[in-house]
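Asks: Both chains come to you apart, so use the hints to assemble them.
The lines below spell out each chain.
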Amino acid sequence: MPTTSLNAPLLSILLATPFIIAVALFFVPSRSRTAIHWLSIAGATVMLLLSVAVFLAFQPAAGGFQLDERYAWLPQLGITLHLATDGIAAPLVLLTGVVIFCGTLVSLKMTHRPKDYFILLFTLVGGVYGTFLSLDLFFLFFFYEIAVLPMYLLIGVWGSSTDFGTFLRTKEYGAMKLTLVLVAGSIPVWVAIIATFLQSGLGSMDLPVLAQATYSRDFQLVFYPMFMIGFGILAGLFPFHTWSPDGHVAAPTAVSMLHAGVLMKLGAFGIIRVGMLLMPEGAAAWAPVLLVLATVNVVYGALSALGQTDLKYVIGYSSVSHMGYVLMGFASMSIVGLNGAVLQMVSHGIMTALFFTLVGVVYDQAHTRLIASFGGLAQKSKFVAVMFAIAGFASLGLPGLSGFVAEFLIFVGLFERYPLFGALGIAGAATTAVYILRLMATAFFGPANPRWATLHGPNRSETLAAVILCASIFAVGLFPSLLMPAISVGVASLMSTVLGAG
Amino acid sequence: MDLSLVQPELLLALLAFVVLGADLLMGRGSSRAALGWVTVAGLVWVLWFSFEQTLLGALPGAVYRVDLYTHLFRGLIPLSSIFVVLLSMQYVTKRLKHPGEYYGLVVIATLAMVLMVGAGELITAYIALETLNFCLYVLASYDKPDLRSNEAGVKYIVLSALASALLLYGISFLYGITGATSYAAISGALATADPALAGGLTAALLLILAGLGFKLAAVPFHAWTPDVYEGAPTPVTALIAVGSKTAAFALVIRLFGEALGPVAGLWQPAMALLAVASMTYGNLVAIQQTNVKRLLAYSSISQVGYLLLALAVLSESTAAAALVHLAGYAVTNLTAFACVIAYQNHTGKEDLDGFAGMAERAPLLAFGMAVALFSLAGMPLFAGFVTKFYLFIAVAQNGALWLGLVGIAVVNSMISLYYYLKVLKAAYIGAPAQGGRIAIGPVLSLTVVALVLLVFAVGLYPYPLAAIVGAATDALRFRF
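Sequence lines, in order, name chains A and B. Its first residue numbered 5, the first sequence is counted upward by one per residue in my numbering. Its first residue numbered 701, the second sequence is counted upward by one per residue in my numbering.
Mixed in with the good hints, there may be bad ones.
Claimed, not checked - Among the chain B residues that face chain A by a calculated CB cut under 10 Å, a handful are:
1) 1024
2) 1060
3) 1061
4) 1079
5) 1080
6) 1081
7) 1085
8) 1086
9) 1090
10) 1106
11) 1107
12) 1110
13) 1118
14) 1129
15) 1161
As the list claims (entries may be wrong) - Here are the simulated DSS-like cross-link-like pairs (lysine-lysine), alpha carbons at most 25 Å apart as the crow flies:
16) B:1122 / A:181
17) B:797 / B:844
18) B:1049 / B:844
19) A:113 / A:386
20) B:1122 / B:1049
21) A:181 / B:1125
Stated by the list, open to error - One side of the interface only, derived from the structure: several residues of chain A facing chain B at Cβ under 10 Å:
22) 23
23) 201
24) 210
25) 478
Quick caveat, the hints were computed from the structure, so don't treat them as lab data. Each residue gets a CB set at the ideal place from its N, CA and C atoms; glycine is no exception.
Bound-form chain B, shown alone (with noise of 0.2 Å):
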């Protein structure tokens, strides 16, 4: 077997432990402020070495596929996690013991968000997929003093639990029916499978559905993100916004698209459903929300609802569009987190009354929050504009129908300008309460900087990230 295929899959394992053992010999007293950089150092390392990487292929029995597909988000997930691990430091320092674990955890949940999008089989995607539930489980109850972290921790694993089970329950029924676990199998399978078996098949995957819905927090499997995205540590919950939801995605394009395609018109109308469910109960629900963390969970509940729409009529095209807007989504989100995190770490506020005169103490973190919030808005300028406007064309090309549910879309995404414009309120409006200038530090400041540019990037020229893309989802091999 030739392993030289997922070298910057083992390189990551490697740096796992390198973290983990770095932490081990240090000493019971040193710092261990060196650990953010040297996970910092090593994921760049990793990046740097898949771009150099052009091999593609897979392991035996198409396990593990390294294609263009998988490629782009051996880019993208190391990458977010770079800035999550660039976001935590000060967060880890201030709040948080046993930074080592920490990293590691972090390094290791990359690996298996990597693993999710390449696996061609579905035992490997569900083991990827647990991999990374342990290490946010772990992560999302990192707080131990504090309660709601804790509770965050237990929600995301009893919740998690029943999940994982729908989905091998339902797993278990496809392997039942199609006698395959590879996705080019199952696909061949259903292709030419007895009409009898509609029934079961419709259980199937309507289980699968359910369980990844959880992974992706769409209505009505949405119940644990508020509460875990406010009780988890700042940093986890944007490693759960950003990274986590980028490879389940990932994941559910390839596994709907290369293995689910022939049954198609089985699982369409039921992922429309929560697409329309989730972005308007997402929406409604954020209005109402004055912790600044829980109406982010909201609002990226409807966000959820846009890209599902994408993957209700899913084919070359409207893949390609859900991921253009997944990264600047990702990018976008990545950008209000730092700002969340920023400002929490010298305020220790998190609600929408301690953002009040943001504007006045950390006018570069004010701004960073507005840039981001009328990019989720969709807003033009900024990242949310032209990727939605992307997303809702590819959707509306399938007809009058699908036009219509664009139109639905289209107002919520107006809906969620006026909780954004609440944040915005607060902090431009608002006078502050109390405190002067906050000094946010070198290196948040270079990370909310680097964040803002790229939402314009993205928002100004968004070409060569529509071209990267399309190669991409040109390497995908759906089958309908």
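The following block holds chain A by itself, in its conformation from the complex (with noise of 0.2 Å):
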């Protein structure tokens, strides 16, 4: 295992930031607002910044494990606070950077208690960088469980709820339906791991320890899909998928960008870095039913986007469906369609933060969400208009900007062997296409409505915020050889496991 020869120990100096600024912000006086956001605002920049360097840091051509720290905890269980990088993870870490960075410019214009939420926004994000870091099973799990902790006081305390008419979704219920499914998700992870850790007899919670161990055909078989199904539930899995919108409606804005951005990654981070690593032959046998629930996720979730009449359901809807194509990359278990797979867990997370940020522009002013109300929007705002416009044709996979390159090597990868449901995938773009295209035509486009003459675009912070996005969608679908080396290092080093076991 290559380790670099860094003096600083910049993983663990990156996985306190977020905790160190919580902290800090615990000590500021409720009162001082404006202390508030610069101590915010710093964080978030710092972390922007060492998440860069943790991605320049890393090394495609040393490949396997880099960076590499080791900090003694509870030898009585072998568990030690293990943090590296690879070639998957480094990736994730700068989409983390980015995302959070642009959430919390969003998030400069909340009023509401803004300190107990900066604490409990940098709370979440401290153990989005744990998981990816974490090559420690326990403390994958543990800092996977703090991910999850502080949502549902996110969305209960600062979210928002949506009035259909007939009925209304209150924030408290997106709230406890999304802190409840998650957690249930939890449940079968956790029980999975304590097997795994008691089956290989190491008495070592180390990731690459216990990938040492071989475990029974029958073990993999029955323990596996614990770890496909609960991840796979925070990866927005069909049919254990309806929290999220529900969930990421609810939300203020910055939470909604980072859950669907980020944290839905976490899901199938999981699946691969610990299902797939630790029990090939579970993930080969398995495969062909987590394509046909991913290809479910892809064609239903489309087809559920087609049929909202908010807003942010529709996004909410479509971030289901594009996690079912990262889904059915990793199904594919070929080096092409994982690496489109990766590749589009970050394209996703850009992409649907722009998304949030825009609707969360329009939301903030006007109130509602629903799409009939709306009409003529671009003349308000051009900037809002061409953004949407962006993240859109990003979404439905136009040559040229993020998606396409993602969604192209995971169809690739499909092709090999499941011909059909490379078919079905593109379909599911098709559906994508129109639900955008339908979206910006009655809400951007058409006769203006006058109800919305006040309407403005942007403030400066969340101009910026959609700049940083918009180019970063340009960046990785006109240079992935940005990514892709990393990438590729990364899928090649975990498949050369997977199909030597298989």
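Replies: Given below as structure tokens:
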């Protein structure tokens, strides 16, 4: 395992930053709004810079796990705080840095108890970084749960309810549903982790060590699906996806950005980092099931998005559909497909963050999200319309934008073995085009509704956030070579284990 | 007989008399606020003395054993009593009469709890247990004008007397079969016991389990718990929920491991059954509660279930895991009660509706409550996550069946999050019906902060606790 000789323990500094900011915020008096804002912005900036630094410090040529750090923690259970990054985690760390920076920018106009809000938001981000960077099974799960922990309060206190006319979907409902479903997903993961630890008989929670042990085929057949379903729930896997639209719609803008943009990736990441790495045989055996469920995700998610009347619900269901591509890529069990899946995680993270930013700009002024009530929004703010169009085109897979490369690779991976499912995937992409274009035609073009005469464009920090996200969409779309060397090295080393066993 | 071995215990008895005597000597009209501080100072002194005390050994006939295991609880139990007294002071001044006897009884209860852990013989254990019970009867009904407090006391006496009778009956059976009351002699006799006696032995074990199950509040011996938790003055509830439960578990671990190990096959299934029943029933009923103290009562019943699961497969490693969890549970529960007490002192509210807007009115208490409840639900950063993980791994080590039972425990643990979130919903999302900011006073503020820090300390770096507990359980003389 080659390690880079860096003097600074980069990963632990990155991991500690959000928690340090959260604790520091605790001591700022809640009346000093300015101090809270500046501290949050400073923290987000440091995280962005450190994320970039981690991504750059990862050397694809060397491969394997890099920037390795270990700290003894609880020897009784073989737990060490083992941090490292590989080609799969590095781009996701970068994504997290970009999304939290933009999320903080968007949250600056928050006036209701901003201190508590930022403390919870940064705790959430700490959990995200920890999950991506932990090479110890205990700590991976530890941070994974931290990322779920603050969601209830973030949605319940700062979220918004949706009025459907005939009934009200309250934020409390969305918050409770999201929390309980995600926590239910943790149950099989928790059991499977304990079983794996005991089965290995090595007395260590270290993932590379656990990967050395051999698990019988029967054991893998029973416990791999626990990881697949358990982590899959956070990735929005059908039929456990319904928390996602309800939760993401109820959440405040920055939390939707982070949750749909990054947290759903934790679930997908868990499937490959834990499930596939430890139980390749189980992964191969269950791949067809995952494939079918993921295809339902793509098609059913897209069709559901088509039927929504609320702007944010469209984006919510589109996330379900797009996460389906990621899972399809995993299920293809091919190197090309997995490369596409990891890239899709990044691509979807950026574009969904952009979507939610823009929806937030509109909702915060209009206090409604009903598509039918809008019209001619482009005349009010060209900027929002253009940005929305770019995110939309990325989402339907227009070449030159991030979504195209990722989805193309996934389809290539699928057509090798499952042409039918590849075709269904493409049908899903076509449906995406329908709902995105229809949404734009209704809300942004067409006759202007006089009710929105006072509507104006985003403020400065929202503009900056949108520009950064938009630039990232172009960067990934036009220069996939920025990310692909790292991703392909990470996927190659994972697949060498998986295919070697299969 | 060398009494220096039990100096900390003697000092506790002395302290009780000092507090009661000081109360007697004080004038009729004088303020007795200082008595709380005298108690705290005395307990700190005893704690300090126990740390310095390195003598290990046993009193003649091994009626009382001072080993590292007893030593651990000489630390934990007075420590939890210190917190209980700190939490009591404002409450006692505002609501209760006769502070002298109140603090005196808390100290005697502390002594009784320590004696329960060190007892190496059934009669000593029984007397210690009864001493504790008598203190708790009086303390539970201490709020004389409050009918609920009276009801709590009466209910506690009646049901506890029944449980004691069952326990004594079981002990007499056991004595009849083994001819011994000391743990070591019992296990020796049981190892070579005539298989024909299995019937009588099973009856003895079930009676003992029922008697102690009452003390632990395990389903189906839990009926007293919600009423006593709700009716007793809240600091007394904290004492019952934390100190008395800790001591009872410590007693059960020593008794079943050291004395009843050779017949483990007879009590294991019963204990596993109690475990699953407690965690499931406690959680399902907790969902419907609207009074926070009742909710914590049912939550504690479910927590007992997790611990009993470890005791059902008792070994050095599960005992260590159970004690780590128990210690984490103790600080967590104290934190929850600290917040309830402080809030109650100023608002008189202890139901969910009354908790609405807590985050606006008393941010520190709402935060403490969030920390405690997330920890009880087994969420990371807080004690509950890692201690539960430790506990579940120790239990699952015993085979596929136990992994399945751990699965049930994990499901339960996640269910519990639902009702804990209901409390947080009231505290953080609900708007306050009336009233502004609450000033809870320096003593309670600092106590809450200290307890919250302890919950984080166990959750973020459990190694020291695990190491100390490991050394303590190694000192047990388990015999299976």
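Asks: Work down the list of hints and note, for each, if the structure agrees.
Replies: Hint-by-hint comparison with the structure:
no.	hint	in the structure
1	1024	9 Å, holds
2	1060	9 Å, holds
3	1061	13 Å, violated
4	1079	5 Å, holds
5	1080	5 Å, holds
6	1081	6 Å, holds
7	1085	7 Å, holds
8	1086	7 Å, holds
9	1090	6 Å, holds
10	1106	6 Å, holds
11	1107	5 Å, holds
12	1110	5 Å, holds
13	1118	6 Å, holds
14	1129	5 Å, holds
15	1161	7 Å, holds
16	B:1122 / A:181	13 Å, holds
17	B:797 / B:844	9 Å, holds
18	B:1049 / B:844	19 Å, holds
19	A:113 / A:386	22 Å, holds
20	B:1122 / B:1049	16 Å, holds
21	A:181 / B:1125	13 Å, holds
22	23	9 Å, holds
23	201	7 Å, holds
24	210	15 Å, violated
25	478	38 Å, violated
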